[in-house]
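Undergrad: Chain residues, written in single-letter form:
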Amino acid sequence: MLNRRAVLAHGAAFGGLAGLSSMLPAWARSGSRGVLPTLPTLSGRDIALEIGHTSFTTGGRTGRAISINGTIPAPLLRLREGETCRIAVTNTLEEDTSIHWHGFLIPFQMDGVPGVSFPGIRPRETFVYELPIRQSGTFWYHSHSGLQEQVGHYGPIIIDPATPDPVAYDREHVLVLSDWSFMAPEQIIVQLKQEQGHFNRNNLTVAGLFSGDPAQNMSIEERVKWTKMRMDPTDISDVTGAIYTYLVNGHGPAENWTGLFRPGERVRLRVINASAMTVFQVRIPGLKMTVVSADGENVRPVAVDEFQISVAETYDVIVQPKEDRAYTVVSEAVDRSGMGRATLAPRMGMSAAVPPLRPRPILGMDDMGMPDMGGMGSGGTSGMNHGSAGGGSMAGMGHGATGGGGSMSGMNQAAMRARGSMSATSGGAMRGGGGSMAGMSSGGMGAGSMAGMSGSGPKGGGGAMTGMGGGMDMNMRDPANVPPNVEVGPGMDMIAPDPQDRTGHPGLGLKDVGHKVLTYRDLVSLKPNRDRRRPTRTLEINLTGNMNRFMWSLDGRKFSDGVEPIRFARNERVRVTMVNNSMMQHPMHIHGHFMELVNGHPGHHPLKHTINVLPGSKVTFDITADNPGDWAFHCHLLLHMHAGMFNVVTVRPLDREPA
Amino acid sequence: MTALRIVLLTTAATFPVLTLAQQMDPSMPMPGMEAPAKTVSTAARPPRGKGGMGAGPSSADPHAGHDMGDTGGMAGMGGAQREMPNAPSPPAALSGPAHAADLFYAPSVMAAAREDLRAEQGDLKAYRVLVDRLETQFQRGRDGYRWDLQGWYGGDIDKLWIKSEGNGAYGGKLGRAEVQALWSRAITPWFDLQAGVRHDFRPNPQRTHAVLGLQGLVPYSYNTEAALFLSNKGELTARVNADYDLLITQRLILQPRVEANFSAQNIRELGIGSGLSTIELGLRLRYEFIPEFAPYVGVEYERSVGTTASYARASGQGPDSVRYLVGLRSWF
Numbered sequence: 001m002l003n004r005r006a007v008l009a010h011g012a013a014f015g016g017l018a019g020l021s022s023m024l025p026a027w028a029r030s031g032s033r034g035v036l037p038t039l040p041t042l043s044g045r046d047i048a049l050e051i052g053h054t055s056f057t058t059g060g061r062t063g064r065a066i067s068i069n070g071t072i073p074a075p076l077l078r079l080r081e082g083e084t085c086r087i088a089v090t091n092t093l094e095e096d097t098s099i100h101w102h103g104f105l106i107p108f109q110m111d112g113v114p115g116v117s118f119p120g121i122r123p124r125e126t127f128v129y130e131l132p133i134r135q136s137g138t139f140w141y142h143s144h145s146g147l148q149e150q151v152g153h154y155g156p157i158i159i160d161p162a163t164p165d166p167v168a169y170d171r172e173h174v175l176v177l178s179d180w181s182f183m184a185p186e187q188i189i190v191q192l193k194q195e196q197g198h199f200n201r202n203n204l205t206v207a208g209l210f211s212g213d214p215a216q217n218m219s220i221e222e223r224v225k226w227t228k229m230r231m232d233p234t235d236i237s238d239v240t241g242a243i244y245t246y247l248v249n250g251h252g253p254a255e256n257w258t259g260l261f262r263p264g265e266r267v268r269l270r271v272i273n274a275s276a277m278t279v280f281q282v283r284i285p286g287l288k289m290t291v292v293s294a295d296g297e298n299v300r301p302v303a304v305d306e307f308q309i310s311v312a313e314t315y316d317v318i319v320q321p322k323e324d325r326a327y328t329v330v331s332e333a334v335d336r337s338g339m340g341r342a343t344l345a346p347r348m349g350m351s352a353a354v355p356p357l358r359p360r361p362i363l364g365m366d367d368m369g370m371p372d373m374g375g376m377g378s379g380g381t382s383g384m385n386h387g388s389a390g391g392g393s394m395a396g397m398g399h400g401a402t403g404g405g406g407s408m409s410g411m412n413q414a415a416m417r418a419r420g421s422m423s424a425t426s427g428g429a430m431r432g433g434g435g436s437m438a439g440m441s442s443g444g445m446g447a448g449s450m451a452g453m454s455g456s457g458p459k460g461g462g463g464a465m466t467g468m469g470g471g472m473d474m475n476m477r478d479p480a481n482v483p484p485n486v487e488v489g490p491g492m493d494m495i496a497p498d499p500q501d502r503t504g505h506p507g508l509g510l511k512d513v514g515h516k517v518l519t520y521r522d523l524v525s526l527k528p529n530r531d532r533r534r535p536t537r538t539l540e541i542n543l544t545g546n547m548n549r550f551m552w553s554l555d556g557r558k559f560s561d562g563v564e565p566i567r568f569a570r571n572e573r574v575r576v577t578m579v580n581n582s583m584m585q586h587p588m589h590i591h592g593h594f595m596e597l598v599n600g601h602p603g604h605h606p607l608k609h610t611i612n613v614l615p616g617s618k619v620t621f622d623i624t625a626d627n628p629g630d631w632a633f634h635c636h637l638l639l640h641m642h643a644g645m646f647n648v649v650t651v652r653p654l655d656r657e658p659a
Numbered sequence: 001m002t003a004l005r006i007v008l009l010t011t012a013a014t015f016p017v018l019t020l021a022q023q024m025d026p027s028m029p030m031p032g033m034e035a036p037a038k039t040v041s042t043a044a045r046p047p048r049g050k051g052g053m054g055a056g057p058s059s060a061d062p063h064a065g066h067d068m069g070d071t072g073g074m075a076g077m078g079g080a081q082r083e084m085p086n087a088p089s090p091p092a093a094l095s096g097p098a099h100a101a102d103l104f105y106a107p108s109v110m111a112a113a114r115e116d117l118r119a120e121q122g123d124l125k126a127y128r129v130l131v132d133r134l135e136t137q138f139q140r141g142r143d144g145y146r147w148d149l150q151g152w153y154g155g156d157i158d159k160l161w162i163k164s165e166g167n168g169a170y171g172g173k174l175g176r177a178e179v180q181a182l183w184s185r186a187i188t189p190w191f192d193l194q195a196g197v198r199h200d201f202r203p204n205p206q207r208t209h210a211v212l213g214l215q216g217l218v219p220y221s222y223n224t225e226a227a228l229f230l231s232n233k234g235e236l237t238a239r240v241n242a243d244y245d246l247l248i249t250q251r252l253i254l255q256p257r258v259e260a261n262f263s264a265q266n267i268r269e270l271g272i273g274s275g276l277s278t279i280e281l282g283l284r285l286r287y288e289f290i291p292e293f294a295p296y297v298g299v300e301y302e303r304s305v306g307t308t309a310s311y312a313r314a315s316g317q318g319p320d321s322v323r324y325l326v327g328l329r330s331w332f
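Those protein sequences? They're chains A and B, same order as listed. The first sequence lines up with residues 1 to 659 when you count with UniProt numbering. The second sequence lines up with residues 1 to 332 when you count with UniProt numbering.
What the hints contain is simulated information worked out from the structure, not anything from laboratory work. Ideal Cβ positions, reconstructed from N, Cα and C, are used throughout, including at glycine. Do not rely on the hints blindly, as some may be mistaken.
Now the in silico label distances, taken between C-beta atoms and shown as ranges [unchecked claim]: (1) B:Ala119 / A:Lys322: 52 to 60 Å; (2) B:Phe293 / A:Thr62: 23 to 31 Å; (3) B:Ile248 / A:Arg358: 36 to 44 Å; (4) A:Ala254 / B:Ala210: 55 to 63 Å; (5) B:Val299 / A:Ala184: 35 to 43 Å; (6) B:Ala98 / A:Ala184: 50 to 58 Å; (7) B:Pro205 / A:Ile220: 37 to 45 Å; (8) B:Ser95 / A:Ala254: 55 to 63 Å; (9) A:Gln320 / B:Ser95: 52 to 60 Å; (10) B:Tyr105 / A:Pro166: 52 to 60 Å; (11) A:Ala254 / B:Ala92: 50 to 58 Å; (12) B:Ala98 / A:Ser219: 31 to 39 Å; (13) A:Lys322 / B:Ala112: 53 to 61 Å.
One side of the interface only, derived from the structure: several residues of chain A facing chain B at Cβ under 8 Å [said to hold, decoys possible]: (14) Lys228; (15) Arg230; (16) Leu539.
Here chain A is said to cover these stretches of chain B; the calculated rule only asks that three of the stretch's residues, wherever they fall, bring their Cβ under 8 Å from a Cβ of chain A [unchecked claim]: (17) 124-131; (18) 137-149; (19) 217-229.
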């Protein structure tokens, strides 16, 4: 059932009167008084959605978009736990479309992934989803067809609990964070294939050596080491503010979406990262935020000043602004190339100071899957030990020695497995960066490069880093460091030698910000975990890629290569470790199930539908495969998925076997 | 002799790489291959590429890894002795239909949708046209021009790669003009093996060459090309070049570049002597208004070596020259 304001908005859009605000659903309009339980947007047991082309305007510029019911973001769906909801989706596009209900525990044939759960919704066709709702919290929905999600095909969902909500609040606002580009996503991915780091406008430069800019703070020696590895310590995000406008509820920073409150109220902010490629770091200067829910599931309240929200995650926080003043909600892109901005205020028209962008973080050794020795990267983290790495001795020794073992609880920093070893020698003489003609003297160059290539041949990639002048002596691409089922080919430019559990890490660039930032280890499920069985099987899934070629895969194989699915027996309990062999973070999402994030709170592991795996790190989760059918499992960075970082999870036997 | 050695080196470098390319043919995934345990060294790893569905000797004991006692850390107790990931799925996981959605939708419709999905997640074809050097060369006596273009189309592994370069004097005749058509295959994360043909429209008489080369990124992030050319007249030559982008600022980029040409024999009619024939050192400073559009200025030094230099002197030219450059680098 559409409510009256939404109907008006819809009508206005089709009546050609579409100003900016009429393209937004009522709850996303600036000056929103909030989404009160008594004022749903689209709710009930029968909902109709229509997917079509529209235009979208931000920053004074208008582009082509795909919207649902004429709005970006799509209408807020307010559902109720315990009910079965019928949602009729009509496709008015000239191409197939779909809606995936992100995080929903529903029968697989309603999950909305073309080619896995159903064939997709053809043009001019209506598909009726029947969703038995057996959970509550903040979720979202989006297209799983092509790259439609990037151009506006996403919206928020609130499911009200059947039992009283343990979270008390006086008012709630939904904050849908997203990234908008006027460049077509098909073009964006081609440009990424054409040139690595194409959208990075904050590279290390020579001028930066003298600028005092913290984002440039890396010595010549270390810069040379990175170029030797053919890696870029500033490659934080593939797509950046160079082409993105970061939106909050469909509003750009200048349009300043504003949510109202009365001083003293407890305001629940339901934050959804619906962006295609952007990890956000969210804070409200002047306000503590109490995280009460992650990915729709309640957690023990934890007070923070900032939290990182990876793509497709949701967090609910409670804020209690006591003063009669405005507060700025900052959602800064992880690479600090831009920010989304919104305002919480007692009255319309108010605004607060907007903090400047912070310096772009620089990747360090822990992002390469090596114990951080404080040497590389100016992140300058301390306190890491690599004691379990088997003596930290000579190169080539101790590869694959599994003596580390270590607790899987994730509570200590000990490496779970020794994936190589370190040898720190004093820095050799490194010449200044190859800029000079002298450094490239004639004939030797030819011979030298040939020799280098011949060396790389038999090893399949020349990743050997032995002999680096600066003192690292670790093979960054040793196939012995991954299980033999991993395809170590051109699509894999790095194998993390010693990936660490970094669930205690707040996120790139957040280690030294001087205030409390949420980490995965702070998340403790409010309810005890239902399935207390020990897993009967372990599975290692390697997140793999090649930054230079923009290839992304699981276990070294793109989905398009024709991969074997990940097969679970029904009700099987499996412990899965995801190892990130790349210097990018990957928000890994499984459909139809929650993952119990193994973060040191056994019995109360938080349930997540999307787990962000930091660069060069590993994350373990337990899963009970209790939802039969076929499910997608993929990186939720849309272009990583599109590049091949996708697989199907099967759960058998099914309820209904073939006749 | 030096040159010959280098040519031999090129060949030596190419052959293992060819072997590797065959070994790494990804057409046969190895879904069933299970890890008995972490292997201790590369040498101890089971052979790849032959196991197929785990039927080979490498599939090891299927029950290896079943014992979960080892992973005692489960409940946060620590003390795991060995890690045994990727034990096989229990038999129940293999029961039922291959594709669950086939129970709800026509299997033929689902098969088509699955194929679309497969192609959509990773099978993208991309392209690039790079005008690397399009420049005017100011040089004592004769100002000229040069182009150096590359374009490719294809997937992540296999591409069609076209290259063209040439030069000439303004108001004079075209000095050199060549086009290469290559099949380019990714054989390592950073290198493509390239094979195909090159045709020289100038100088006369025209020649056609078979080409075998490598192109990619060497450590220290130099863009490098190295190729062997075997002409229809039986001459073997080689060319190696490398360049590096040094970012002065986000937009101002200094690019040193080196190119060396080699020949296995004297080619008198082209003025090429055996060994290292010419060496070219360039320095270009470009300004990227956008990454796709970057005008530059530069300087280049070229020198003929050995017999090639003798040929040059004999034809009344100096063995070396300095040029000043104004040009454009652009891509789309």
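Undergrad: Please go over all the hints and tell whether each is borne out by the structure.
TA: Hints, verified against the model:
For Ala119 (chain B) and Lys322 (chain A), the hinted distance range of 52 to 60 Å is satisfied, since their beta carbons lie about 55 Å from each other. Range check, Phe293 (chain B) to Thr62 (chain A): about 25 Å between beta-carbon atoms, so the 23 to 31 Å window is met. Taking the beta carbon of each, Ile248 (chain B) and Arg358 (chain A) are about 25 Å apart, not inside 36 to 44 Å as hinted. Distance hint check for Ala254 (chain A) and Ala210 (chain B): the Cβ-Cβ separation is about 59 Å, which falls inside the suggested range of 55 to 63 Å.
Taken as a hint, the range 35 to 43 Å holds for the pair Val299 (chain B) and Ala184 (chain A), whose Cβ atoms sit roughly 40 Å apart. Taking the beta carbon of each, Ala98 (chain B) and Ala184 (chain A) are about 35 Å apart, not inside 50 to 58 Å as hinted. One distance hint, 37 to 45 Å for the beta-carbon pair Pro205 (chain B) and Ile220 (chain A), is violated here, with the actual separation near 50 Å. Restraint check, Ser95 (chain B) to Ala254 (chain A): a C-beta distance of roughly 57 Å satisfies the suggested window 55 to 63 Å.
Checked against the hint of 52 to 60 Å, the C-beta distance between Gln320 (chain A) and Ser95 (chain B) comes to roughly 53 Å, which is consistent with it. As the Cβ distance of Tyr105 (chain B) to Pro166 (chain A) is approximately 40 Å, the hint placing it in 52 to 60 Å is violated. A hinted range of 50 to 58 Å for the beta carbons of Ala254 (chain A) and Ala92 (chain B) is consistent with their spacing of about 56 Å. Distance hint for Ala98 (chain B) and Ser219 (chain A): a CB-CB separation of about 55 Å, inconsistent with the stated range 31 to 39 Å.
The hinted range of 53 to 61 Å is satisfied by Lys322 (chain A) and Ala112 (chain B), whose Cβ atoms lie roughly 59 Å apart. For Lys228 (chain A), the suggested interface contact is upheld, since its CB lies about 5 Å from the closest CB of chain B, less than 8 Å. Because the closest C-beta pair between Arg230 (chain A) and chain B is about 5 Å apart, less than 8 Å, the hint holds. Of the supplied interface hints, the one on Leu539 (chain A) holds, with its beta-carbon coming within about 6 Å of a beta-carbon of chain B, less than 8 Å.
With 4 residues having a beta carbon nearer than 8 Å to a beta carbon of chain A, the region 124-131 of chain B meets the requirement of three or more and the stated coverage holds. Note: the region 137-149 of chain B has 0 residues with beta-carbon separation from chain A under 8 Å; the three-residue rule is not met and the coverage is violated. Judged by the Cβ-Cβ criterion of 8 Å, the region 217-229 of chain B is covered by chain A as claimed, because 8 of its residues qualify and three suffice.
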